[in-house]
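Visitor: Listed below are the residues making up each chain.
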Amino acid sequence: MWTIAGEGIHPIDRKSETSSIPISEIKPPSKVVIPLSQHIGAPCESLVKIGDLVKKYQKVGEAKGFVSSPVHSPVSGKVVAIGRFPHPSGNQSNSIVIESDGKDELIDSLKENSNYLNADPKDLKGIILGAGIVGMGGATFPTHVKLSPPQEKKITAVILNGAECEPFLTSDDRLMVEKSMEVIEGMKILMHIMGVRDGYIGIENDKPGAIKAINQSATGTNIKVISLEKKYPQGAEKQLIKSVTGKEVPSGGLPMDVGIVVQNVGTAAAVYNAVRYGVPLVERIVTVTGNGINRRGNFRIPVGTLLEHVIAECGGLAGEPGKILFGGPMMGIAQYSMLVPILKGTSGILIIPKGDVVLEDFRACIRCGRCVQACPIRLLPNMYSILGEAGKPKDAEEYHVLDCIECGCCTYVCPSRRPIVQQIRYIKAEMRKAKSKVA
Amino acid sequence: MAEAAVEQEDKKGKSEEPVPKLILTSSPHQLSPDSIERIMWTVVLSLAPASLAGLYFFGLSALYVLIVSVCSTMAAEAIYQKLSGVKSTVTDGSAAVTGLLIGLTLPPGSPWWVSVIGGFFAIIICKQLYGGLGFNPFNPALMSRVFLLIAFPLQMTTWPMPSPLFSGIDASTGATPLGKLQVARLTGKGIGKAAELNIWDAFIGNLGGSIGEVSAIALLIGAAYLIYKQYITWHIPVSMIGTVMIFSGIFWMIDPSKYVNPVFHLFTGSLIIGAFFMATDMVTCPVTLKGQLLFGFGCGLITVIIRMWGGYPEGVSFAIVLMNIVSPLIDRYLRPVRYGAIKAGSR
Chain A
0 MWTIAGEGIH PIDRKSETSS IPISEIKPPS KVVIPLSQHI GAPCESLVKI GDLVKKYQKV
60 GEAKGFVSSP VHSPVSGKVV AIGRFPHPSG NQSNSIVIES DGKDELIDSL KENSNYLNAD
120 PKDLKGIILG AGIVGMGGAT FPTHVKLSPP QEKKITAVIL NGAECEPFLT SDDRLMVEKS
180 MEVIEGMKIL MHIMGVRDGY IGIENDKPGA IKAINQSATG TNIKVISLEK KYPQGAEKQL
240 IKSVTGKEVP SGGLPMDVGI VVQNVGTAAA VYNAVRYGVP LVERIVTVTG NGINRRGNFR
300 IPVGTLLEHV IAECGGLAGE PGKILFGGPM MGIAQYSMLV PILKGTSGIL IIPKGDVVLE
360 DFRACIRCGR CVQACPIRLL PNMYSILGEA GKPKDAEEYH VLDCIECGCC TYVCPSRRPI
420 VQQIRYIKAE MRKAKSKVA
Chain B
0 MAEAAVEQED KKGKSEEPVP KLILTSSPHQ LSPDSIERIM WTVVLSLAPA SLAGLYFFGL
60 SALYVLIVSV CSTMAAEAIY QKLSGVKSTV TDGSAAVTGL LIGLTLPPGS PWWVSVIGGF
120 FAIIICKQLY GGLGFNPFNP ALMSRVFLLI AFPLQMTTWP MPSPLFSGID ASTGATPLGK
180 LQVARLTGKG IGKAAELNIW DAFIGNLGGS IGEVSAIALL IGAAYLIYKQ YITWHIPVSM
240 IGTVMIFSGI FWMIDPSKYV NPVFHLFTGS LIIGAFFMAT DMVTCPVTLK GQLLFGFGCG
300 LITVIIRMWG GYPEGVSFAI VLMNIVSPLI DRYLRPVRYG AIKAGSR
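Residue numbers (numbering that gives the first Met the number 0), protein chains in the order written: chain A, 0 to 438; chain B, 0 to 346.
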C-alpha cells in the first residue's frame, strides 16, 4: 500500500460533514481587501491609487523580485483605500481595498489559447507568473518559481498533491470530483513545462469519488493516479514524495533535489484557467465547516472577501465562536478579527464554538515517546518541548529542529498536553534571532 | 505560552452586533483524547484480570494486600502534594497504577505494613522527591519492590500455596518454583525435580508466587488490551521475553541437568508482568522503538544472568531497575534516523 510507513497519525477528521456538498457560489462581496502579500516572498507593489477605477481581473499589484507574485482584482469597482489591514497571518499587511460596482466589467485583453500543449514552456511560465498563481495547498509559494529549477537539477516527474490529509477540509476533494478535467489539463501543462513524461496524482483513499473522476479524466495520458492509504500528514510535500516515489528529499533540500516538482491540485486547475482562458487567480474553493457555523459547505469565494461576509453568507455563527481558523485543525491559524480577507492559500475556514474549545494547563513530559513515534520527520519532539520550556533553545540545535515541518502530530498525541509545536516555533525564532545578531 | 483572547477592534465603529472575542492559540487545535488520566486508568483496567486471578487463587488475603497497597500510594501522593502545596494529581491514576503493581508483586497474606511502607517509599522517595510523574528515573513500583525485598526478606519470601476460593483447602506455605530451583542449584545437587512444572497450572496461575504474577493468561489478556489501545508497543516485551527464552534455551540445550527449559523461565516468577507492565513504564523506558528493543534485550539478559548464577531466585525487578539507569543514555545515543538524513533512493 502506498503510504508513509510508521510515522504520522489518524486524527478525527469529520470530512464527511462537507465532502458530499457540491461547490456553490456565495453572494459577491460589496468590498474586497486584497493584501499585497499573499505568497511566500517579497510583497508586491500597488499599481493603483485611491480613487482609481479597476476592472475585474485587472492587475492591481505587481510582483517585486523573482520570488514574488502579482495580485488582481476579483471585481470591477473603485479603489477606496490602500493601507494596513488585518491579515490572516496574525499581522497587518499592506492591502488594496476595492468597492465593487456590482457590474463585474472584465478587462479587454483576456488571451485565450486552446493549443497550449504546443506553446513554448517559457511563455507558459510567463502566463503563470502574470496570473499570480501560487501554491494553493496553503504554502503559497509562487508557482513560476517552483517551475524554474536551476539547470543542473534534472526534473523527472511532476506530482500533483490531492492527498488533502488535513482534517475537516474537502475543497480539493470537491475540486477533483467536479473539475477533474481542469486538474488533468493543468497537470499536462505543468508536465509540458517541466518536459517530463511521468506524472502522478496522489489522492488519499478516503476520497473514492475524486479518485474515480481523476482516473476517468486521466485515461489515455501518462498521468498515474496513486491511491494513498489515509494518514496525516501525507499531504505534506516531503511525505507525499516519500509515499509516491519512495524517495526522501535530503534534509534541508528541496523536492527538485530528487528530481520532483510537487503542485497542489488547485494550483493545477488555476494554471489551466490562466493558460486556456487568460484568467488570473482571483478566486478559490473554500471549505466552511465546524460546529460554530450554521451552513457548512464548499464555496467558490473571491480572494479578498472578508471573513464576516463569508460567515454571513453561510447563515451566520451558530452560538458564540471560540476559535475561527483559516485552514484545518492541525495546521490552521487562529484568527483575531472578523475583518481578515480570504487569501489565495485559504483552503478552509473552521469555526469552533466556544464550548468546544478546551484550554488545559500542560504537565510535565512523561517520556512516553508518543511524539517520537508520531513524528513524520523522525525527530525527537520531546526534546524540543523540554528544552523550549527550560529556555535553552541553543541546545535544541543538535536535534535538527529546523527539519521540523510543524505538522502538529507531536502535540496532537501528547498526553501531557504540552504545546510542542509552539515550543518549537519559539526555538526556531530564537535561533533566527541569534543568527541575525551574528550576521 | 498561555492563550490570549484578543478583543477585536472595530475600526469603523458602525457594527451594531457585539464583536466576538476570539481565542488565539498556536496550532494544532485538535488533540488526541488520550490524556495521562485515560492512559493510567486504562493500565489499571488492564491489570484487572491479573488481580481477579490473584483473588481467585489466594482469596481474601490477596484482596487486603491489593487494597492496602493502592490506598497507600494514593494517600502518599495526596499527603505529599498537600504538604508541598502543589496541585494534587492523585486522580490521574499514576499513583493507583504504582499501588496496584506493588500489591500484585507482593506475596498474598503479607503484612499490611509492608504494603504501607512500600507504597510510601515508592511515591515519596522514588517519585515525588524527583519532581513527580515524568521526572522519576526509576519505576517507583519496582524500586519499592527491590527495597522491600532487601529490607524485609522474610515477609517478602513467605509464599502461601494457592487455595482457590470455595475449594476448602487450608492455606499452607511453600517455596515458589524459582525458589526451589535456586535451592537445588546452590546445593549443587543438580536441578532434578525442581525443574518439573505443570505448564497448565503455571499458565492459569495455580502455583505459589506473588498475587498478580502467577496467572500468565490473565496478564496476557491485560497486555493484549494495552497493545490494542497502543498504550504500549510490542518492542520491549518481545525483546525482553525473547532474550530470556533464547539465552535460557541455549544453556538448557547445552546441559539440561543444570539448567531449566525456557518455558519454565517464562511462566515462573515475574517475567510476564515485568515485561508487559513494568519494563514498559513510559516514564522510565527509552522513547524510541530502537531504544526500546535494546532496553528489552538488556532487561532479559540481566534477568537470565541473575536467575542462573545470581544470589536471588528472581531477577526481573533488578534487571529492569538496572536498565532504567541506562534509559537516558540509550535515548541520547540511539536516535532515529530522521527523514532525508540518509541518502535518497531505494524502492
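Derived from the structure by calculation, the hints contain no laboratory data.
One or more of the hints may lead you astray.
Label-pair ranges, simulated between beta-carbon atoms [said to hold, decoys possible]:
1. A:360 / B:232: 24 to 30 angstroms
2. A:317 / B:70: 34 to 40 angstroms
3. A:15 / B:111: 54 to 60 angstroms
4. B:123 / A:249: 19 to 25 angstroms
5. B:289 / A:293: 34 to 40 angstroms
Result set (DSS-like, lysine-lysine): computed pairs, CA atoms no more than 25 angstroms apart in a straight line [unchecked claim]:
6. A:427 / A:391
7. B:228 / A:229
8. A:393 / A:353
9. A:246 / B:228
10. A:77 / A:58
11. A:124 / A:102
12. A:48 / A:58
13. B:228 / A:353
14. A:391 / A:353
15. B:86 / A:30
16. A:58 / A:153
17. A:48 / A:63
Just so it is clear, the structure is predicted and the values come from calculations on it, not from any experiment.
Where is the CB? At the ideal position from N, CA and C, for every residue including glycine.
Visitor: Against the 25 angstroms threshold, does the CA-CA distance of residue 77 of chain A and residue 58 of chain A hold or violate the hint?
Guide: Between residue 77 of chain A and residue 58 of chain A the Cα gap is close to 14 angstroms, so the pair holds against 25 angstroms.
Visitor: Taken at face value, is the distance from the CA of residue 58 of chain A to the CA of residue 48 of chain A at most 25 angstroms?
Guide: The given pair, whose Cα atoms are some 13 angstroms apart, holds under the 25 angstroms limit.
Visitor: Sort out whether residue 63 of chain A lies within 25 angstroms of residue 48 of chain A, counting only the CA atoms.
Guide: Answer holds: residue 48 of chain A to residue 63 of chain A is near 18 angstroms, not above 25 angstroms.
Visitor: Please check whether residue 360 of chain A and residue 232 of chain B have a Cβ separation lying inside 24 to 30 angstroms.
Guide: holds, 28 angstroms
Visitor: Is it true that residue 317 of chain A and residue 70 of chain B lie within 34 to 40 angstroms of each other by Cβ?
Guide: violated, 47 angstroms
Visitor: Does the alpha-carbon distance linking residue 124 of chain A and residue 102 of chain A stay inside the 25 angstroms limit?
Guide: Roughly 31 angstroms between the alpha carbons, so the hint for residue 124 of chain A and residue 102 of chain A is violated.
Visitor: Would you mind confirming whether the straight-line C-alpha gap from residue 228 of chain B to residue 353 of chain A stays at or under 25 angstroms?
Guide: violated, 30 angstroms
Visitor: Between residue 391 of chain A and residue 353 of chain A, is the straight-line Cα distance small enough, at 25 angstroms or below?
Guide: The given pair, whose Cα atoms are some 34 angstroms apart, is violated under the 25 angstroms limit.
Visitor: Hint check: residue 393 of chain A vs residue 353 of chain A, CA-CA at most 25 angstroms. Holds or violated?
Guide: violated, 37 angstroms
Visitor: Is it true that the CA of residue 246 of chain A sits at most 25 angstroms from the CA of residue 228 of chain B?
Guide: Since the Cα atoms of residue 246 of chain A and residue 228 of chain B sit roughly 31 angstroms apart, the hinted pair is violated (cutoff 25 angstroms).
Visitor: Measure nothing beyond the straight line between the CA atoms of residue 58 of chain A and residue 153 of chain A; if it is 25 angstroms or shorter, mark the hint as holding.
Guide: Violated: residue 58 of chain A and residue 153 of chain A sit about 33 angstroms apart, past 25 angstroms.
Visitor: Are the Cα atoms of residue 228 of chain B and residue 229 of chain A separated by 25 angstroms or less?
Guide: holds, 19 angstroms
Checked against the numbered hints above, the structure violates hints 2, 4, 5, 8, 9, 11, 13, 14, 15, 16; every other hint is satisfied.
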